[in-house]
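Hey, can you piece these two chains together into the complex? The hints should help.
Here's the letter readout for the chains.
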Amino acid sequence: MNNRSDSAARIGRTTGSIAGVGTKVLSGGRSARYLRSLKALDGAGKLATADISELVDAVHREFADKFCSTPVGIVARCYLGAPYEVHTLAMDGSIISHYRTGEALPHGMDRARSLAESDHYLAIEVYPDRLVCVRPDGSIVLLESDR
Amino acid sequence: MNTVNVPDLSGVVRALNQVTRNQEVLGQQQVALHGAVSTVQRNQDNTQQELLGLKAQFVEYVRRDELRQNLQLAQVQILEVRGELGDKFGKFAEVRELATGTLQALDAGIVSQGAIRDLSEELMLRTPGYWLAPALIAVAAWIRDEPELATKAIGEALRRDNDKASLFFALVLRRHQRDRATAAWVRQYAARQDPAKLSPEFVVVLDAVSTGTFGREAKPMLLEQMSEWYGRMSQDQDTVDRQVGRWAKMIDTMRRPVDARYQLLPVLSPTWPQLKDMFEGATVHGATEEMLRATFDTPVPQSHDLHVRVDNILDGLVRDFDAEEAPYRKREAWLQAVVNADGDHDVAKKVMAAEDPLHEQTVDFLTLLSNAALHGDRAGASPGTQRFTLALARDWLVQGAGRLEAGNLASMPSRVELRAEGWTGWVDGDTDEQRLVGSLSEHVDRETEKAVSAVRMSGAAQVAAVFGGLALLVALLSAIGGASGFALFMLVVAAALGMWAVFDIRALPARRAEIRRKGDQRRVAAVVKLRGAIAELVDLRGEWQREIAKAQSLRTFAEGLTATAFVATAPDQLRGA
Chain A
1 MNNRSDSAAR IGRTTGSIAG VGTKVLSGGR SARYLRSLKA LDGAGKLATA
51 DISELVDAVH REFADKFCST PVGIVARCYL GAPYEVHTLA MDGSIISHYR
101 TGEALPHGMD RARSLAESDH YLAIEVYPDR LVCVRPDGSI VLLESDR
Chain B
1 MNTVNVPDLS GVVRALNQVT RNQEVLGQQQ VALHGAVSTV QRNQDNTQQE
51 LLGLKAQFVE YVRRDELRQN LQLAQVQILE VRGELGDKFG KFAEVRELAT
101 GTLQALDAGI VSQGAIRDLS EELMLRTPGY WLAPALIAVA AWIRDEPELA
151 TKAIGEALRR DNDKASLFFA LVLRRHQRDR ATAAWVRQYA ARQDPAKLSP
201 EFVVVLDAVS TGTFGREAKP MLLEQMSEWY GRMSQDQDTV DRQVGRWAKM
251 IDTMRRPVDA RYQLLPVLSP TWPQLKDMFE GATVHGATEE MLRATFDTPV
301 PQSHDLHVRV DNILDGLVRD FDAEEAPYRK REAWLQAVVN ADGDHDVAKK
351 VMAAEDPLHE QTVDFLTLLS NAALHGDRAG ASPGTQRFTL ALARDWLVQG
401 AGRLEAGNLA SMPSRVELRA EGWTGWVDGD TDEQRLVGSL SEHVDRETEK
451 AVSAVRMSGA AQVAAVFGGL ALLVALLSAI GGASGFALFM LVVAAALGMW
501 AVFDIRALPA RRAEIRRKGD QRRVAAVVKL RGAIAELVDL RGEWQREIAK
551 AQSLRTFAEG LTATAFVATA PDQLRGA
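Which chain is which? The protein sequence lines are A and B, in order. The first sequence begins at 1 in the working numbering and counts up one residue at a time. The second sequence begins at 1 in the working numbering and counts up one residue at a time.
Simulated from the structure, these hints should not be mistaken for lab results. Incorrect hints may appear among the rest.
With a cut-off of at most 16 Å between alpha-carbon atoms, the simulated EDC-like pairs for lysine to aspartate or glutamate come out as follows [what the hints assert, rightly or not]:
#1 B:Lys518 x B:Asp377
#2 B:Lys249 x A:Asp137
#3 B:Lys197 x B:Glu332
#4 B:Lys330 x B:Asp377
#5 B:Lys330 x B:Glu360
#6 B:Lys249 x B:Glu280
#7 A:Lys24 x B:Asp238
#8 A:Lys24 x B:Glu442
#9 B:Lys529 x B:Glu417
#10 B:Lys88 x B:Glu332
#11 B:Lys550 x B:Glu289
#12 A:Lys24 x B:Asp236
Remember, predicted model here, so these are calculated numbers, not experimental data.
Chain B extracted, bound-state conformation (with noise of 0.2 Å):
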């Protein structure tokens, strides 16, 4: 027996030996695929990076196309606007040139009056139902000494429009002087005026007496009216309550953008858009007195010759007030918001909501205040009247600011939140930043040493090891009950299943370590950012301090503001008035 089996035991070694040379290879091999491995993934997180870099270009490049597109359409349909408000109303505009143009005539002396009176019948034969036609007739009629004739056209241009034709009597007789009648038509207009349903051309009013333009009897008669309406509507809490609210909102307008140095708070903190709101909304307060402070401190330019003051108030009169324009008006006020707010229809939209009584038909005596002062020259007012009427608004501007700087406190998130690589953080009025770093970097840890107790003899190896074992037995077995073919068969089954077990033991430190290597490049990683968002949040909240602190010297410049003290003297009434 043993003679036959020394030459069998032999050939046994050598395909042992065999074996164990092909497992090294193959644990090479294995070590070499692991490598592999870590590299695809490593690449794929790198295109995944990559991706969701272009997705965002992408999404950006839309967003700046349909931009553009809004732009471009807005400025082109600004233009029909435009081109059919001249179609409509081109023969309106040659009226109202006359009108300026007829009174500097006969100031100068130069033009006969049989022009004028035919010039201003034509346009009468050519617009049907302007008021204004009427009134050139009267006035022309006037200056010939026509009085039948004038009382005629007087009482039709009354007919057509009694408000606006008072009006121009008015300013045409102040044009020369004519004290006494001028406020017995300024008496008549504001006895007829409702302070809770003026139309627009109310402005014009304000305007002549912020700019002195009405003689000495009619301004403090038109000032006392004014003060007693502002008065009796001040007492209604909702009235009040209503300006307060189109302050606010115009304020709020003014917001400015966060600053683009922010990059990590954004990514890391699922509270930015609250932080963001709540920075952006603290700015309005600084913008809004560079704006208040702008408007006060350019000088107003004012005429020291009555005539052409009160041709750029009867300019304003004739041309900004007329309701068949107002739909026109309105439009082109639309497509002007998309076209300032490069094609963004949303910012268009709230800037269009916050100036909506701008284009209502009549307005409460308090509503036009506002609008005077808030939107000045698009509510016909000069910049003498928009800083006469921001005096008198001052308080609901100080209230509006005040809500939203109310609102803007209360916004404030009682914490922040952090998160990175799957770790979540507060930070409340006593975080500690040490802590917070390492809280995360013991989460890092913990997940690093999770992934490596995870590494372990694959269930194959393990499963080689236990049948490597049995047929390590059985092989004993065999051999004592004699039957050594087989015992020889299974030892060497025995020795392959175990080096297998052996070799993939063999690669799991060095999986391990290079599992712990990524922790470490993560948990350094991590900590970066989240000390630069500790920092961002840091400098932000300083920033906002520093805006909201802006709400008080707004308040304090504001309420300094006193309303009698922009209201200008006439020039005939320099001296002595």
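Chain A extracted, bound-state conformation (with noise of 0.2 Å):
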């Protein structure tokens, strides 16, 4: 539940390497294995190190099954209650946090908060051009390119 202030210089320097080249996004639905372990990190907090590697680990292999590029980060609407709003989870690290209404994301996420906010959306991915909506039926939407 902590606010890891170090892990937004971390994210700053992987998307670093990944922006300027062209983010190949995984278009089509996202699996089932994917939203189960999205829904699962909410409660990260009562899980176990290992469990938690595990659904980080899914959710990787999502992307890395289909050789298409790895989200920056996932933020999604915190189920905690008051004061926590959105959870991100940094996908360099696997660090998952918890923010606070009004704390401001780290490194280009905080353009993803609004939308995560809606129960319209399980998740949205940030990569370092655009964002990707994902439904609670695996379903998404890219959004326009910010280039």
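What follows is the structure in structure tokens.
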């Protein structure tokens, strides 16, 4: 539940290497395994470290299996309740952080916040140049490229 | 001394009584005056309201007048453009009519071959450079069995416009069920095409495929080629993005305006423009689904006669796609958009921007599909083709609608501001109406109290009271000092000043009561407005939720469309095809 400000710096470094290269976003629906993992992440505070890394692995595999870019981070609505509003999974360090209302998200993930708060989407994948909204049924919406 | 002073004092008392009476009269006049001032104030408020209303009406009038003028101008200009089209390309029209006319006449066998030859040769002379004239000569020569002339004419037609002439010959041959020859023409046509730079007449091919007009050899070949193009071009994220962007733009033009019953919220809330935009943006999903259902539910008129089907497509080929006419057609489309929008240039510009690729000389295959699906008739596609391409383009439609939905959800303001009587409040997730109302009431009451406490003795009256006191003191001192005349004078002065002050003080409660009464009125009116605005906000939110929920239903419907279900079978292949 702690906010890791140092994770911001690490995300910054990794995105540096991805940005500039055209992102190949995984199109098509997301798998049931991936969706299950995303849902489970919210309660990660109660899980053992090994379980968490298994969940994060499943998220990584979703993209690696299809040779597509892995998102910089994933933002989702936090069901822990007030004062927490959203949580993020930074894909480089596999760190889960929970954020309070009004607290800024690091490194470009803030633009996904208002979408993540809507219950229309299970999670928002953040890529260097675009956002992808994942619906609870696994279908996705690729938002316009920022470039 | 004393005997002298008595009559003097009675004079002073009389004078004082006189002054008292005068003061009373003055006091009454002052209250009356205050009433009159209040009335003037009320009148001024009313006048200001009326002026504001008048201004709004005037602005509305000017706007309507501008729209009317735009509309009239567009209606006149559209006739001019059509006239020019007729003047410049009227000769082409004759050749076009001759095209299907010739074929049908040959079917019926009631026109002599000589007549057809003469007419087609004459038109060849009269329309230099037009591809259709030599094509018709070739058909006439072929019917008369003059292979040499036919070959020459075919060569000339192909030289003038290879693509259109190829399609023309393919269709004419198909009309006579020469399927193998049709397939040969179609094959060499298709092989020449670059899916990144198709000319708009490729819609004819889509039309021929979706109506099942091409024969048993050409149709599968084209379907295969198109699906290869589709697969290849869909790999390119940028091309797909452009299609999705176009669909999003098109879907966004289907906004429905917010209901006119929302009256208080627009006045009270500075957040209203955002709310309005959000609501209208949410209405596009329902509208799009209605449009799709209407397209798919109406029966497609489909003739069982192969000749009729081919003739329809031939008609389209020779009529719709001549590059020279394109600038005029674009101008015509713009004017038509202005007429459709009742003279509103902004709306017309939006519509034209959404259909921009419709007027381009060459388009990529995916854009061509979008054109046919979005604009049907105006892209030269028949209703059947529109369904076929809509089903092919469904993923872009779904993604485009998804983008609009996401944008709409993200545009939700975190809180809604309400303003009334100099008070500002915010409605967010956990606002209690009662608390807002209480806050507004307190605000108005506070202001009223402030105004009430500002009502006190006027400055002049205060000065009068002080000087009255001083005069009294001087009078006493003078009396003690023996200067009785001066003492008397000062006494009179003191009395006059004192009375002035007293009357000023006596008028205060009436003024305060008036201010309180007005304050109560203001509070009641403001609370009524606030409650109304909150009720409207709740209604709007409910309506918005219903509208945005339709996005799911649109998605389900669109995803259920499959392209191959909309490819008809040729009439001559219905059995065992």
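Okay, the hints, checked on the actual structure:
no. : hint                : in the structure
1   : B:Lys518 x B:Asp377 : 65 Å, violated
2   : B:Lys249 x A:Asp137 : 26 Å, violated
3   : B:Lys197 x B:Glu332 : 25 Å, violated
4   : B:Lys330 x B:Asp377 : 15 Å, holds
5   : B:Lys330 x B:Glu360 : 10 Å, holds
6   : B:Lys249 x B:Glu280 : 14 Å, holds
7   : A:Lys24 x B:Asp238  : 11 Å, holds
8   : A:Lys24 x B:Glu442  : 58 Å, violated
9   : B:Lys529 x B:Glu417 : 14 Å, holds
10  : B:Lys88 x B:Glu332  : 15 Å, holds
11  : B:Lys550 x B:Glu289 : 8 Å, holds
12  : A:Lys24 x B:Asp236  : 10 Å, holds
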